[in-house]
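The hints should help you fit chain B onto chain A, whose structure is shown.
Chain by chain, the residues:
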Amino acid sequence: MTRIFIPDDAAALSMGAGKVASAIKAEADKRGLQLEIIRNGSRGLLWLEPLVEVETAKGRVAYGPVTAKDVAALFDADFLKGGKHRLGHGLTEEIDYLKKQERLTFARCGVIDPLSIDDYIAHGGFAGLTAALKKTGADIVKAVTESGLRGRGGAGFPTGIKWKTVLDANADQKYICCNADEGDSGTFADRMLMEGDPFTLIEGMTIAGIATGATKGLIYIRSEYPHAIAKMKQAIAHAIAARWLGDNIQGSGKAFSLAVRTGAGAYICGEETSMLESLEGKRGMVRPKPPIPALEGLFGKPTVINNVLSFAAVPDILAKGAEFYKNYGMGRSRGTLPFQLAGNIRQGGLVEKAFGITLRELVEDFGGGTHSGRPARAIQVGGPLGSYVPASQFDLPMDYETFAANGAMVGHGGLVVFDDTVDMARQARFAMEFCAIESCGKCTPCRIGAVRGVEVIDRIIAGIERDKNLIVLDDLCQTMIDGSLCAMGGLTPMPVQSAVKHFPEDFDRPTAKAAE
Amino acid sequence: MLTKPEMSPESERARDVCSRHGNRPDELIEILHEVQDELGCVPEAVVPVIAKAVNLSRAEVHGVITFYHDFRREPAGRHVVKICRAESCQSMAGEALCNHAKASLRTGFGETTADGSVTLEAVYCLGNCALSPAMMVDGELHGRVDAGRFDEIIAETLSEAAQ
Chain A
51 MTRIFIPDDA
61 AALSMGAGKV
71 ASAIKAEADK
81 RGLQLEIIRN
91 GSRGLLWLEP
101 LVEVETAKGR
111 VAYGPVTAKD
121 VAALFDADFL
131 KGGKHRLGHG
141 LTEEIDYLKK
151 QERLTFARCG
161 VIDPLSIDDY
171 IAHGGFAGLT
181 AALKKTGADI
191 VKAVTESGLR
201 GRGGAGFPTG
211 IKWKTVLDAN
221 ADQKYICCNA
231 DEGDSGTFAD
241 RMLMEGDPFT
251 LIEGMTIAGI
261 ATGATKGLIY
271 IRSEYPHAIA
281 KMKQAIAHAI
291 AARWLGDNIQ
301 GSGKAFSLAV
311 RTGAGAYICG
321 EETSMLESLE
331 GKRGMVRPKP
341 PIPALEGLFG
351 KPTVINNVLS
361 FAAVPDILAK
371 GAEFYKNYGM
381 GRSRGTLPFQ
391 LAGNIRQGGL
401 VEKAFGITLR
411 ELVEDFGGGT
421 HSGRPARAIQ
431 VGGPLGSYVP
441 ASQFDLPMDY
451 ETFAANGAMV
461 GHGGLVVFDD
471 TVDMARQARF
481 AMEFCAIESC
491 GKCTPCRIGA
501 VRGVEVIDRI
511 IAGIERDKNL
521 IVLDDLCQTM
531 IDGSLCAMGG
541 LTPMPVQSAV
551 KHFPEDFDRP
561 TAKAAE
Chain B
111 MLTKPEMSPE
121 SERARDVCSR
131 HGNRPDELIE
141 ILHEVQDELG
151 CVPEAVVPVI
161 AKAVNLSRAE
171 VHGVITFYHD
181 FRREPAGRHV
191 VKICRAESCQ
201 SMAGEALCNH
211 AKASLRTGFG
221 ETTADGSVTL
231 EAVYCLGNCA
241 LSPAMMVDGE
251 LHGRVDAGRF
261 DEIIAETLSE
271 AAQ
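Quick note, the sequences are listed as chains A and B, same order. Under the working numbering, the first residue of the first sequence is numbered 51, with each subsequent residue one higher. Under the working numbering, the first residue of the second sequence is numbered 111, with each subsequent residue one higher.
Okay, chain A solo, but in the shape it has when bound (with noise of 0.2 Å):
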């Protein structure tokens, strides 16, 4: 029986893949032809969704973006065969977008049934885990920490010394919390693996437990993810009916549990110490640090928090060893990182490459240059507490430390691509406004800071006072790099200086009252 794979991954469901999947049901029906329909993860070549593929002798062949009004000439130019049509790729594995990228942790996205056990062996899954299962836990937090694997959330702090420091610590509990709440804009990677590979990420929590001692895990997903919340769900009661998950995995002696938590709409729950409030039950506030929740997280017990794609990157390291993840990338950023390209660009998606690419061949290479068509004028690398990078940079190499040493950050590789219609003072307004709404308001440079920062900006952008309220604006932004309790406060004057250094006539633009 002829294969077919359409994704329901979110991003090819808000393209109507769900649509495109009862129509291609219906025609077969209709046709008396027989097919099996299997809902995988997306590719990540997502200006190509919905991408459906057909499982031929030479391997699988694309078809994209697919509607519901194209299928009846589908099945016209025999595409169960692979036949020739407009919409037609040819074979998935041989589309220059995936075929030059670097798949490690998403090597089994869009490719296996995310919620077939079987399907996730077969390609290799579980190979971590029962590795781990053989190995001491300092052995398992040497490997990672020999990786050289670095948060991929976005702080690029060493996994295997957090790890270290957890395994280290005496308690009768300690838990493993994965932070799920993808809230930057421009970032989707973590959703697309949790909907697309989802045992990826309990075989990578599951390890870190082993490895530190930890018998409970929690994934803090936002909840503006519906999909990935019940896929996650659902993989989780397989992995418990398998024993992939319990009190004694695969006979083990080892035990594990995970469950998952819902977000509620607050940004700064994906701070760590706020996740773990919010985690308790309680309002999303920062703790302040020390102490670190290695030693004292959630419920006052020691923690390892890390980002989705920093547990998914470690069953690799366990099945295939420290050093075939280290050979990847540039200095001291090793492996892989799925960078996320987004905005204003023509063919968006996940590149997954390894550290030491620059901007500009994600952005022109793999992008395919703006959707408008209008060139590219401002990049914002990390999300919205992330710089804006001006285009005379974008040959800088995706590495923590050059991007650092240029006022800039990796951060989790989520790329926002502007045309030349951005206006950055605007952007710079909107950094302040976002932090005024999205802030805690513990402490007082971010609450207060950002609403003072929302209105200088405003009187720049009215012409007032220009000189002046640019030196109170750098001076309030010093204020909250220097004074704020966390990452919300500390980085957000990092869009905003980066658009007054970059893109100063932006800030001098004559006002519609000069203008007159």
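Treat the hints loosely; a few may be bogus.
[Stated by the list, open to error] Facing chain B, from chain A, some residues (calculated, C-beta under 10 Å):
1) Gly94
2) Leu96
3) Trp97
4) Thr312
5) Gly313
6) Gly315
7) Gln397
8) His421
9) Cys490
10) Thr494
If you're looking for bench data, these hints aren't it; they were derived computationally from the structure. Computed from a predicted model, the values in this text were never measured in an experiment. Note that the Cβ used here is the ideal one computed from N, Cα and C, for glycine as well.
Frame of chain A, contents of chain B only:
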């Protein structure tokens, strides 16, 4: 003799939700989500019931409800339209979409249309940034939404409801 006042049906349901979560205070956010799913919002009247069940003060429960954007004190309209206003959607003329939505629905963000059919909300990122602008209608995600597609989706949503 004092008799115990009768519990309203809403309060009873809220109490049942708490009990399904073992009356655990750390599950308060899950409890509030479920109460809102059942009752359409978290009405003021159930706050003391929840507080008592999970052994927190009313002030603590009130604090949690008001901290998170998701929880409503009043029921929403029959449909909830959330439009993303974050950077990625801004780069793809998201503000024009927002203005179109406000004008065509004749309502503002955080408000409900006069006939109670649609509540319009701003959201900061729906994780569909490669296909901006994005919006979510009753939990269903839509990408590459321009004014034309917005009108189609809204018309479809309202006509489905009418059937």
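Each hint tested on the structure:
{"no.": "1", "hint": "Gly94", "in the structure": "holds (9 Å)"}
{"no.": "2", "hint": "Leu96", "in the structure": "holds (4 Å)"}
{"no.": "3", "hint": "Trp97", "in the structure": "holds (7 Å)"}
{"no.": "4", "hint": "Thr312", "in the structure": "holds (6 Å)"}
{"no.": "5", "hint": "Gly313", "in the structure": "holds (8 Å)"}
{"no.": "6", "hint": "Gly315", "in the structure": "holds (4 Å)"}
{"no.": "7", "hint": "Gln397", "in the structure": "holds (8 Å)"}
{"no.": "8", "hint": "His421", "in the structure": "holds (7 Å)"}
{"no.": "9", "hint": "Cys490", "in the structure": "holds (8 Å)"}
{"no.": "10", "hint": "Thr494", "in the structure": "violated (18 Å)"}
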